Amino acid sequence: MKRLAIGLLAVAILGFSVFWWLTIPKAIDSTVKDWISKSGDPILGETIFWAGGCASCHAVKGAKGKDKLKLGGNHSLVTPVGTFNVPNISPDRENGIGAWSVEDFANAMLHGTSPDGKHYYPAFPYTSYSSMNYDDVKHLWTYIQTLEPVKTQNKPHDLTFPFNISRGLGLWKLAFKEYQPVLNVGNTDNFLQRGQYLVETLGHCGECHTPRASLGYGGGNTSRWLSGGPAPEGNGKIPNITPHETGIGSWSEADIVYYLESGFTPDFDSVGGSMTSVQENMAKLPKSDLEAVAKYLKTIPAVALN
Amino acid sequence: MLKRTLTTAIVSTSVLISVSIAQAGPIEDRKAKMKEVGKNLGIIGKMVKGETAFDGVAALAAYNAMGAVGTGFGEFFPVGSETGGETTASPKIWSDPAGFEAKGKQFGVDLGVAIQAGTPSDLAALKVSFGSVAKNCKACHTDYRIKKE
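Top to bottom, those sequences are chains A and B.
Counting in the working numbering, the first sequence runs from 1 upward without gaps.
Counting in the working numbering, the second sequence runs from 1001 upward without gaps.
Simulated from the structure, these hints should not be mistaken for lab results.
Misleading hints may appear alongside valid ones.
Straight-line distance between alpha carbons at most 27 Å, and here's what the computed DSS-like set of lysine-lysine pairs gives [as the list claims (entries may be wrong)]:
{"id": "1", "chain 1": "B", "residue 1": "K1127", "chain 2": "A", "residue 2": "K237"}
{"id": "2", "chain 1": "A", "residue 1": "K33", "chain 2": "B", "residue 2": "K1103"}
{"id": "3", "chain 1": "A", "residue 1": "K33", "chain 2": "B", "residue 2": "K1039"}
{"id": "4", "chain 1": "B", "residue 1": "K1103", "chain 2": "A", "residue 2": "K155"}
{"id": "5", "chain 1": "B", "residue 1": "K1103", "chain 2": "A", "residue 2": "K68"}
{"id": "6", "chain 1": "A", "residue 1": "K64", "chain 2": "B", "residue 2": "K1105"}
All values derive from a computational prediction rather than experimental measurement.
Isolated chain A, as found in the complex (with noise of 0.2 Å):
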């Protein structure tokens, strides 16, 4: 009896020796250091910045303007596991990230790594930001340094069991984190590689618009790779963007730039909901970008909504 509990207890302390070596949080890779000595660009990290949609979750809901840039977040998802209460990101020292280091800012953004080792929740979409390149992830760092610091003490989340245990995102991470780009669109079309960019990595379209595997709680189905499903946070549904008839087959490349521009749909139906934050940043970038994201998407396989 002595030597079967002995037994159990091996197996137990070896069973969680596993389970927190696989979930240690990532951190950059050393040989990636002497890019954090380099400078970064506002005026880059604007762009950035826009592209990112970081104002529709860490600016008040629903702020115009120049509120889009108080990054002091109080905003809260509530979706199926929880509320998530989006944190202050301003550069105040003391309830933002102002007091953070420029690697600190890469951990987070790159491996939804905290500065004190936590993993974040990828209502925070690091999935998608982790094929950003270090210098736009410098660029950003150096254009949130400019904004105003906001006094916006943070609330924790309210998760529901198992979902508040944060170190089991680790297991979440290995199998859902690791970046594979969707569309092989080779190297050659530079236009085509920023529209990638802009829509796979920045924009992290993907995190709304395309279905998620494993019931609803795993990482992107990349074979239904932008075809709709329902809203994370529980309330209808989220469109059908590939080239298919039941998404935006019938767009032309200028639709989808008008409608990023100004919020209407070829059929003067207007946009909506949470894209409506979206779509107001989509409308500060310069049109180029938008006519890369128009060709990405007209490029995609067509798939049906599900």
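Fit chain B to the known structure of chain A by using the hints.
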């Protein structure tokens, strides 16, 4: 006994039917009205987008048509029409009626200004009035509509 049961059955069936008609009514009506607003906005929008040639008279007619359709639109969201008929109305319309009403009012005000201004003289003028009227679509759809497809 049988008679009473029958009467009860008939009464409850007719109540059910009238309830379902009452619910299909406003949902269908508001959908048709919304489509009509979209169609008229599209007449102007296509000029602004550059798909059709500028026509000030047609643009003003479209603003007037939107005004005619839009009057009384708020009455098509009675309590009891929250669900059914594939409505894309958000429950927020009924939980925040004051906010919803304010959006409708603002639309009416901006549309009124466009109508009062008369026939737009050129495309530049039309772009200004279009921007002012059209911003109301997403202002309301952001909080009070839920996409279903």
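Task: Hint consistency between K64 of chain A and K1105 of chain B [alpha-carbon to alpha-carbon, up to 27 Å] - done: holds, 20 Å
Task: Restraint status (C-alpha distance of K33 of chain A to K1039 of chain B at most 27 Å) - done: violated, 57 Å
Open item on the list: Given the hinted pair K1103 of chain B and K68 of chain A, is their Cα-Cα distance within 27 Å?
Closed with: This hinted pair holds, its Cα atoms lying about 21 Å apart.
Task: Pairwise hint evaluation, K155 of chain A against K1103 of chain B, where the allowed Cα distance is 27 Å at most - done: Answer violated: K1103 of chain B to K155 of chain A is near 31 Å, above 27 Å.
- [ ] Measure nothing beyond the straight line between the CA atoms of K33 of chain A and K1103 of chain B; if it is 27 Å or shorter, mark the hint as holding.
- [x] Not OK: K33 of chain A and K1103 of chain B at ~52 Å, beyond 27 Å, violated.
Open item on the list: Next pair to validate is K1127 of chain B with K237 of chain A; report whether the Cα-Cα distance is within 27 Å.
Closed with: violated, 32 Å
Of the numbered hints given earlier, the model fails hints 1, 2, 3, 4; all others are met.
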